[in-house]
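**Q** For reference, the chains in residue letters:
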Amino acid sequence: GESVGLHLPTLSVQEGDNSIINCAYSNSASDYFIWYKQESGKGPQFIIDIRSNMDKRQGQRVTVLLNKTVKHLSLQIAATQPGDSAVYFCAENIKSGYSTLTFGKGTMLLVSP
Amino acid sequence: NAGVTQTPKFRVLKTGQSMTLLCAQDMNHEYMYWYRQDPGMGLRLIHYSVGEGTTAKGEVPDGYNVSRLKKQNFLLGLESAAPSQTSVYFCASKDEMIETYHQETQYFGPGTRLLVL
Numbered sequence: 001g002e003s004v005g006l007h008l009p010t011l012s013v014q015e016g017d018n019s020i021i022n023c024a025y026s027n028s029a030s031d032y033f034i035w036y037k038q039e040s041g042k043g044p045q046f047i048i049d050i051r052s053n054m055d056k057r058q059g060q061r062v063t064v065l066l067n068k069t070v071k072h073l074s075l076q077i078a079a080t081q082p083g084d085s086a087v088y089f090c091a092e093n094i095k096s097g098y099s100t101l102t103f104g105k106g107t108m109l110l111v112s113p
Numbered sequence: 001n002a003g004v005t006q007t008p009k010f011r012v013l014k015t016g017q018s019m020t021l022l023c024a025q026d027m028n029h030e031y032m033y034w035y036r037q038d039p040g041m042g043l044r045l046i047h048y049s050v051g052e053g054t055t056a057k058g059e060v061p062d063g064y065n066v067s068r069l070k071k072q073n074f075l076l077g078l079e080s081a082a083p084s085q086t087s088v089y090f091c092a093s094k095d096e097m098i099e100t101y102h103q104e105t106q107y108f109g110p111g112t113r114l115l116v117l
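Chains A and B supply the protein sequences, listed in that same order.
Just so we're aligned, residue 1 is where the first sequence starts under the working numbering, counting upward by one.
Just so we're aligned, residue 1 is where the second sequence starts under the working numbering, counting upward by one.
Since the hints were derived computationally from the structure, they do not count as laboratory data.
The reader is advised that the hints may include incorrect statements.
As a list, the in silico SDA-like pairs of lysine to any residue whose alpha-carbon atoms are at most 25 Å apart [what the hints assert, rightly or not]:
#1 B/K9 / A/S28
#2 B/K9 / B/E59
#3 B/K9 / A/G41
#4 B/K57 / B/S84
#5 A/K37 / B/N28
#6 B/K57 / A/F46
#7 A/K42 / B/G16
#8 A/K42 / B/G53
#9 B/K9 / B/L78
Footprint (simulated), chain B over chain A, 3 or more residues, beta carbon under 8 Å [said to hold, decoys possible]:
#10 42-49
#11 101-111
Only a predicted model underlies this, so the values are computations on that prediction, with no experimental measurement involved.
For glycine and all other residues, C-beta sits at the position ideal for the given N, C-alpha and C.
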């Protein structure tokens, strides 16, 4: 079946660098996407979301880009800090009567001081 | 607000034993979800509920049962635990589908670590 996937399982960066985490989705019916951050031993925490009628959305130090042509989603983190070290998941929602999310496997971001 | 809480935080079971995981939310959310997370994998949906008294199967429902007798609580039951059910279980909740931007955002609890021997 169709699923959400990630290109890089682990991303290592230096503090201060910009980080880019990628996600591929294959379901053309998906109309909403979310990025979650999960720190060790904790539950996923909402970072930012985007609807399919947009191609870019910005938050505090984070930007999500959506390319529907190639079914690609990315999360950009500016000036990465050690506190950004975590696993990042993308998730997609296929618009239906009852809302469920399909999660990717996650990318671990390691930030070195 | 406490948000989404889960009890217990950690539990060890022997094969064949039963237990119930409790999820509670104080945000008056209509939708609640149970996921399991295994090493190197994303979150997989077990069961979910779209309102008090309703439940539905997710991606991996076998071996689990759920109940939503009260709007704020969502219980996940294991009738006869198996080692394959060793995992971290997360509960989440979401507001009903209203015309606001964050309507699909699910809010997660801290998780329950379950070890089945």
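**Q** Could you tell me which of the hints above the structure violates, numbers in ascending order?
**A** Structure breaks hints 1, 7 and 8.
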